[in-house]
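Assemble the whole structure, with the sequences as input and the hints as a guide.
Top to bottom, those sequences are chains Y and R. If you use the numbering used here, the first sequence corresponds to residues 91 to 180, in order. If you use the numbering used here, the second sequence corresponds to residues 797 to 1108, in order.
Keep in mind that the hints were calculated from the coordinates and are not lab data. A quick note: this is a predicted structure, and the numbers were derived from the prediction, not measured. Among the hints, erroneous ones may be present.
[Said to hold, decoys possible] Cβ-Cβ distance ranges computed for the label pairs, FRET-style:
{"id": "1", "chain 1": "R", "residue 1": "Asp801", "chain 2": "Y", "residue 2": "Ala150", "range": "46 to 52 Å"}
{"id": "2", "chain 1": "R", "residue 1": "Asp847", "chain 2": "Y", "residue 2": "Tyr156", "range": "33 to 39 Å"}
{"id": "3", "chain 1": "R", "residue 1": "Gly800", "chain 2": "Y", "residue 2": "Arg142", "range": "50 to 56 Å"}
{"id": "4", "chain 1": "Y", "residue 1": "Thr127", "chain 2": "R", "residue 2": "Asp1100", "range": "27 to 33 Å"}
{"id": "5", "chain 1": "R", "residue 1": "Pro819", "chain 2": "Y", "residue 2": "Arg142", "range": "34 to 40 Å"}
Cβ atoms here follow ideal geometry from the backbone N, Cα and C, with glycine treated the same way.
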Amino acid sequence: MASVRIPTILRKHTEGAARVAADGDTVREVFTNVVDTHPGLTSSLFDGDDLRGFINVYVADEDIRYLDGLATPVAGSDEIAIMPAVAGGA
Amino acid sequence: MRYGDVTQAIGNTPLVHLPNLSPPGYRIWLKLEGMNPTGSIKDRIALAMLDAAEAEGRLGPGARILEPTSGNTGIALAAICATRGYSLTCVMPANTSRERRQLLRLFGASIIESPAEKGSNGAVRMAQQLANEDPDVVMPFQYGNAANPRAHHDTTAAEILSDLPSVTAFVAGLGTGGTVTGVGHRLKSTNPAIKVFAAEPEYADMVYGLRNLDEGYVPEVLDPDVLDSRIKVDSRKALAWTRRLVAEEGIFAGVSTGASLQVAVRVCDRLPSGSDVVALSPDGGWKYLSTGAFDVGDVDDLADDLSTTLWA
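The following block contains the structure:
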């Protein structure tokens, strides 16, 4: 199972859990399983079939937009991190 | 070397090979932006943004300037504003290091604190609101000012190409996105095979404390298409590499440098053997001493203790 890290702002949909485990061979499959269990997350993760704006998703620390997007393969030991897009320090 | 005033001493920073930290078959080089006059890469964009505003006639005598910053850009702006007779107010998250406040005040800037839990996002929003309410104030706004990436295109990238024509990859941190965008475009227009990677700081959970996702923000100056990948680095890894840099290469740098260095090492195995990878060091470690980042102790424990202040 992949481990999905939930940002603070979305934990109201996961009963406060910071991590959710879900099966799937791709990010899309894992997220589909996650929203089955936590339907409140659907509109935070998906915009139709696509990834919602203003969130970044990382598999093993790498932004999936530069991999295969939602089709990015996920190994069982991978962490998928969801993070809001924010301004960096400067 | 002689210079007519301090702004002329900006840039032309050293590019230093890291013989001990480069993976076998690769050469990692670090561009030491901490050698700029106020100690960070932000001298380049502060000068470019102020020169551009003056050229546009937006800065008269005694002009008041307002800018959201976590420190480096504010310090760089303050140094130039002092010499040109402008007053500067910085909107800065409340959890930034003590040294940054000391330096800003020393250079004559005022500080307005934005809530720590809203991170730089909160500073950006507060500054935009204050600027809207005060039409006489001039906001350079590094997150949206084309002079920011242009400064890196015209100076930072030009220096890299001149010092290391064989450069095959470039790594820099993501704050405004100005460095990766400006340097990345110049490098790729010179040689489209050059790869550009962003090292993204993974802030503490607290800093992502938006009310909803619509409060998210992607800086206007960042061109995501110039990147070949974007890799996040947590505070533990960044701190560990920053400390290895001191111990093994004798270079004392800020924590963002460790993040870029970690990404530079990570991406080597996707580059051809013999590649020259340039990582950018935005500042030295001096302004972070009071955070405890360089105290004696276990890196994991330190990173946990510092997770809310380290990147701020």
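Hints, verified against the model:
no.	hint	result
1	R:Asp801 to Y:Ala150: 46 to 52 Å	48 Å, holds
2	R:Asp847 to Y:Tyr156: 33 to 39 Å	34 Å, holds
3	R:Gly800 to Y:Arg142: 50 to 56 Å	52 Å, holds
4	Y:Thr127 to R:Asp1100: 27 to 33 Å	30 Å, holds
5	R:Pro819 to Y:Arg142: 34 to 40 Å	37 Å, holds
Checked against the numbered hints listed earlier, the structure breaks none of them; every hint is satisfied.
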